[in-house]
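J.: Sequence:
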Amino acid sequence: MAEQRRILVVEDDQTIALAVRNRLAAEGFDVRVAGDGQEALIQYGKAEPDLVILDRLLPGLDGLEVCRRMQAARPVPVLMLTALGEETDVLVGLGVGADDYLAKPFSMRELVARIHALLRRVERAAQLAAEDTVIRVGEVEIDTAARRVFVGGAEAQLTRTEFDLLRRLAERPGQVFERDRLLSDVWGFSEAAATRTVDSHVRALRRKLGSDVVRTVHGVGYALVRR
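Residues 857 to 1083 in the numbering used here are what the sequence shown spells out, letter by letter.
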């Protein structure tokens, strides 16, 4: 029998928290709930969850600071919930270690799909880490075993999702990947409404690796630039 996965839900809206807890419990997860940032950090240390669902706006410590502290203590997949439509806010969330984000209001079906996809990616990353491979594309060097990335010899700090996205693009430099395909290959699902997720992560990659590393093919998708 497979070990039950533990999820920490950090949400100050009790109605949303209860609905998410009940749905995830029905899906077979061991669910813990925290209503603010301080409680979330305490629960995080005690429960050692396999995944965290984290609201961006929380009383006291906000979601960004909570995410930053969690990742510094023990890296864990984080799905951030946001009611904010500003792209800059999303990028900041990705920058402090969130792996994915979901805008409110959201469907429980999509939430569950995102969770399963994140957990599958963690398992796949562990399998790929056993492969001792270094991929070089121009000044970008990707150590797949150590999951480290260097640009011109300097290390770039990427989140789990950013690394997985870069690795996929680097497997075929110059090839244009459609957004739907990247969603399927990296995130583990493909929905037209979620392609903005790919765009946000590409922008985060450009900010960390250089604006000319990933090329946009308008109306199609993205490619890693050969040099």
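No lab work stands behind these hints: they were computed from the structure.
Watch out, some of these pointers could steer you wrong.
What the hints assert, rightly or not - Estimated spans, in silico, between C-beta atoms of each pair:
1) T989 with V1081: 30 to 36 angstroms
2) M964 with E921: 34 to 40 angstroms
3) P1029 with Q894: 17 to 23 angstroms
4) A1001 with G1030: 36 to 42 angstroms
5) D1041 with G1008: 24 to 30 angstroms
6) D918 with R862: 42 to 48 angstroms
7) R879 with R1071: 29 to 35 angstroms
8) E979 with L913: 26 to 32 angstroms
9) A939 with R862: 40 to 46 angstroms
10) R862 with K960: 37 to 43 angstroms
11) L874 with G1008: 48 to 54 angstroms
12) R879 with E979: 30 to 36 angstroms
Beta carbons: idealized from backbone N, C-alpha and C, even for Gly.
J.: Decide, hint by hint, whether the structure agrees.
T.: Cross-check of the supplied hints:
no.: 1; hint: T989 with V1081: 30 to 36 angstroms; in the structure: violated (20 angstroms)
no.: 2; hint: M964 with E921: 34 to 40 angstroms; in the structure: violated (27 angstroms)
no.: 3; hint: P1029 with Q894: 17 to 23 angstroms; in the structure: violated (45 angstroms)
no.: 4; hint: A1001 with G1030: 36 to 42 angstroms; in the structure: violated (24 angstroms)
no.: 5; hint: D1041 with G1008: 24 to 30 angstroms; in the structure: holds (27 angstroms)
no.: 6; hint: D918 with R862: 42 to 48 angstroms; in the structure: violated (24 angstroms)
no.: 7; hint: R879 with R1071: 29 to 35 angstroms; in the structure: violated (40 angstroms)
no.: 8; hint: E979 with L913: 26 to 32 angstroms; in the structure: holds (31 angstroms)
no.: 9; hint: A939 with R862: 40 to 46 angstroms; in the structure: violated (26 angstroms)
no.: 10; hint: R862 with K960: 37 to 43 angstroms; in the structure: violated (23 angstroms)
no.: 11; hint: L874 with G1008: 48 to 54 angstroms; in the structure: holds (49 angstroms)
no.: 12; hint: R879 with E979: 30 to 36 angstroms; in the structure: violated (22 angstroms)
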